[in-house]
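Each chain, letter by letter, is given below.
There are 2 protein chains.
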Amino acid sequence: MTSKTPSFDKLSQTMRPHIQAELQDAISDAREHGTQEMHNMLAYQLGWVGDDAGDKAQGKQIRPLLVLLTTQAAAGERQAALPSAGGTWRAGLPAAAAVELLHNFSLIHDDIEDNSALRRGRPTVWKKWGQAQAINTGDAMLTLANLAMLRLTETTSPAITLPAMRIIHQTCLRLTQGQHLDMDYETRGQVTVAEYWEMVEGKTASLIAACCELGALCAKVSAETQSLYREFGHKLGLAFQAQDDLLGIWGKTEKIGKSTTGDLLSGKKTLPIIYGLAQGGDFAARWKEGPLTTGEIPAMAQTLEAEGARAYTRDAADRLTEQALDALRDANPQGEGGDAGQAQFALHELANKLLRRKG
Amino acid sequence: MTSKTPSFDKLSQTMRPHIQAELQDAISDAREHGTQEMHNMLAYQLGWVGDDAGDKAQGKQIRPLLVLLTTQAAAGERQAALPSAGGTWRAGLPAAAAVELLHNFSLIHDDIEDNSALRRGRPTVWKKWGQAQAINTGDAMLTLANLAMLRLTETTSPAITLPAMRIIHQTCLRLTQGQHLDMDYETRGQVTVAEYWEMVEGKTASLIAACCELGALCAKVSAETQSLYREFGHKLGLAFQAQDDLLGIWGKTEKIGKSTTGDLLSGKKTLPIIYGLAQGGDFAARWKEGPLTTGEIPAMAQTLEAEGARAYTRDAADRLTEQALDALRDANPQGEGGDAGQAQFALHELANKLLRRKG
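Chains as they are written, first to last, in the numbering used here: chain A, 1 to 359; chain B, 360 to 718.
Chain A extracted, bound-state conformation (with noise of 0.2 Å):
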């Protein structure tokens, strides 16, 4: 590594391997009253084990990496050690373990209610180990979540840890409120651009505000600052959002290598269909004739574009990103200083990395 190695890359790469202790170390308890088969599949689902496992198979680890780096930037110039010789984001490792779990819960139960057989390249949990026992190793997932963060006590104090458990149980709350509307909307003729917005503050936007805000919580920041940096993850996670439901229709123009035909062909209701949707023009009239074949997706796509809904979608996802991209400046107002103004920018470099964005 070199100065001129980004900040992002530079933290994350020292981050991760004391993430993967600290998971490491949050999952060993389940499998202490013989019950090893859990633990293994725990230790599948977060990559470590099997077939393929390894960092394909980790996954990219953002959230507990947005815990960390927020730790780090939110400390601001309180903190002089360098984060090789124990920076402040090692206060926050509990937070990060607990999110990655939390996440990796929630995507083991979403694998069976979508009936998915792949992630990250690898059959999923229910496919090797069936229905009934990964219902019951997410719960266990999500139960190691919440004794992860109640480690926070050895590492801050109990005046953080018990409102950063009030912030996990509720985040958890309302990831289970926006997977039961996208089940249900599924199922329904007609989905609100409101209703859609609900669904994912709630499946997406919700875990990364979490993120922030329990980064800026492990680093004992005022009440305000702790809400910019919610709001700078909460907006960042809708325009991540945003920005995928774009890829999802137009991604191969968008240059990604990602398959265009994906959400037409899936007849997923993503932000771009609602809107076509509600134009009530050439686009909803094919869609309510039922499924999409194929070779109709290039003309569908092209339709939708001509009523609105590419530049549309394009329209949120910019006004989201400034609009997180604003918070985080005013989170930090200080700027590029130290090892606090490192983290800022590599938290800025993370949003754009996620937004598929020059930075």
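It should be emphasised that the hints constitute simulated quantities derived from the structure, not laboratory data.
Treat the hints with care, as some may be off.
[Stated by the list, open to error] Derived DMTMM-like pairs (lysine to aspartate or glutamate); straight-line CA-CA distance at most 25 Å:
no. : chain 1 : residue 1 : chain 2 : residue 2
1   : B       : LYS487    : B       : ASP388
2   : B       : LYS419    : B       : GLU560
3   : B       : LYS627    : A       : GLU37
4   : A       : LYS127    : B       : GLU545
5   : B       : LYS486    : A       : ASP114
6   : A       : LYS128    : B       : ASP677
7   : A       : LYS268    : B       : GLU396
8   : B       : LYS627    : B       : GLU554
9   : B       : LYS579    : A       : GLU154
10  : B       : LYS712    : B       : ASP674
11  : A       : LYS128    : B       : ASP543
12  : B       : LYS487    : A       : ASP184
13  : A       : LYS127    : B       : ASP473
14  : B       : LYS419    : B       : ASP473
15  : A       : LYS10     : A       : ASP55
16  : B       : LYS487    : A       : ASP114
17  : B       : LYS419    : B       : GLU590
18  : B       : LYS419    : B       : ASP677
19  : A       : LYS60     : A       : GLU186
20  : A       : LYS288    : A       : ASP184
21  : B       : LYS486    : B       : GLU396
22  : A       : LYS128    : B       : GLU396
23  : B       : LYS486    : A       : ASP184
24  : A       : LYS220    : B       : GLU513
25  : A       : LYS220    : A       : GLU154
26  : A       : LYS127    : B       : GLU396
27  : B       : LYS487    : A       : GLU186
28  : B       : LYS486    : A       : GLU186
Starting from the known structure of chain A, arrange chain B on it as the hints suggest.
Coordinates of chain B only, in the frame set by chain A:
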């Protein structure tokens, strides 16, 4: 009610409306984001709405009553207020709601995992709403249990709330471990008595133990007294399971009106069956040949009894019951005086009621 009304009936009549109100408050957040239907699913599981809503559908609420009775009993002579005028037990209401929600979470998911169509005489949640929504609503129920527990900050203090959070999360982990083993044993030929107890400790005893420990914690008694109440609950839970296993085979003889054929017909590996299999006699030989038929059940129950399984299980239940009641006496040696004495007596009554013995 007269002064001759047993303590348990009298106290539970006083407490149950408060438990209901706390539960209703605890789940009210679930409908705040366009998720009225999820709230409806939760209310159905709790027996408040839908066909056949009412007392039977609400279950006996043994667990929350254990919390509140223990809170009152453990508070000892420190508290002079009558229960009806706002007894010490009110401090435990958030914990009481939490354990009832945790129990109902486990019922929703167990019913899916065990493919059970009926619960308390009504269609199970997954039968009515499908597996996907039921899994997700179970997750919400668990999360609402955790949020309910956090309300202890309002009735006790942060110093009580944090250990209470640890207890509920550790208990939930034990529940998932017990359920993992229970499902695993179904697919295995051989299960040892030690493995059986490991499963029962997780699946049944851990939550009963937690109820009593939480009650004592809310009463702010010493760690030693908390341990004694926990021990009472732990042994009570184990005794209850042994008793239930006994009734699952020889129930009619014990005159409780339960089917005598249940566990032998379903092939469930309960304590007497595991004991019988370990003897390697006629029972084990027939069992290994495949599922028993209805016509064989009475003779097989007799064989199992002749090989000592009934006496073995009866002895285990009796021994554990004595240990439970010993722990309860040790926890509150001052005995019968005042509200605490009444609650202590009610706990004795409840234990005997659960174990279907005369008080």
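Results of checking the hints against the structure:
1. With a CA separation close to 22 Å, the supplied pair LYS487(B) and ASP388(B) stays within the 25 Å bound.
2. Restraint check for LYS419(B) and GLU560(B): the C-alpha separation of about 21 Å stays at or below 25 Å, so the hint holds.
3. Our distance criterion of 25 Å between C-alpha atoms is met by LYS627(B) and GLU37(A), whose separation comes to about 21 Å.
4. Proximity of LYS127(A) to GLU545(B) is assessed by CA-CA distance (about 19 Å); at most 25 Å being required, the pair is judged to hold.
5. Proposed proximity of LYS486(B) and ASP114(A) is supported: the alpha carbons are some 18 Å apart, at most 25 Å.
6. Among the hinted pairs, LYS128(A) with ASP677(B) is inconsistent with the structure: their alpha-carbon atoms are about 42 Å apart, more than 25 Å.
7. Taken as a hint, the LYS268(A) and GLU396(B) pair is honoured in the structure, with Cα atoms around 21 Å apart against an allowance of 25 Å.
8. Our distance criterion of 25 Å between C-alpha atoms is met by LYS627(B) and GLU554(B), whose separation comes to about 14 Å.
9. Proposed proximity of LYS579(B) and GLU154(A) is supported: the alpha carbons are some 23 Å apart, at most 25 Å.
10. With a C-alpha separation of about 18 Å, the suggested pairing of LYS712(B) with ASP674(B) holds against the 25 Å cut-off.
11. For a cut-off of 25 Å, the pair hint linking LYS128(A) to ASP543(B) stands: about 15 Å separates their Cα positions.
12. Between LYS487(B) and ASP184(A) the CA atoms are separated by roughly 15 Å; this keeps the pair inside 25 Å, and the hint holds.
13. A threshold of 25 Å between alpha carbons decides the hint, and for LYS127(A) with ASP473(B) the separation of about 18 Å falls inside it, so the pair holds.
14. About 22 Å separates the Cα atoms of LYS419(B) and ASP473(B), which keeps this hinted pair within 25 Å; it holds.
15. For the hint pairing LYS10(A) with ASP55(A), the CA-to-CA distance comes to about 17 Å; that is within 25 Å, so the pair holds.
16. Between LYS487(B) and ASP114(A) the alpha-carbon distance is near 18 Å, which keeps this suggested pair within the 25 Å criterion.
17. For the given pair, LYS419(B) sits about 22 Å from GLU590(B) by alpha-carbon distance, which is consistent with the 25 Å threshold.
18. Under the criterion of a C-alpha separation no larger than 25 Å, the hint pairing LYS419(B) with ASP677(B) is consistent with the structure, at around 23 Å.
19. Annotation: proposed proximity of LYS60(A) to GLU186(A) is violated, straight-line Cα distance about 28 Å (limit 25 Å).
20. A threshold of 25 Å between alpha carbons decides the hint, and for LYS288(A) with ASP184(A) the separation of about 18 Å falls inside it, so the pair holds.
21. With a C-alpha separation of about 15 Å, the suggested pair LYS486(B) and GLU396(B) falls inside the 25 Å cut-off, and the hint holds.
22. Proposed proximity of LYS128(A) and GLU396(B) is contradicted: the alpha carbons are some 32 Å apart, above 25 Å.
23. Taken as a hint, the LYS486(B) and ASP184(A) pair is honoured in the structure, with Cα atoms around 17 Å apart against an allowance of 25 Å.
24. Only pairs whose Cα atoms come within 25 Å are accepted, and LYS220(A) paired with GLU513(B) is accepted, the gap being roughly 23 Å.
25. The straight-line distance between the Cα atoms of LYS220(A) and GLU154(A) is roughly 15 Å, inside the 25 Å bound, and the hint therefore holds.
26. The suggested pairing of LYS127(A) with GLU396(B) is violated, with an alpha-carbon distance near 29 Å, which exceeds 25 Å.
27. For the hint pairing LYS487(B) with GLU186(A), the CA-to-CA distance comes to about 18 Å; that is within 25 Å, so the pair holds.
28. With a C-alpha separation of about 19 Å, the suggested pairing of LYS486(B) with GLU186(A) holds against the 25 Å cut-off.
In this structure, the hints that do not hold are numbers 6, 19, 22 and 26, in rising order.
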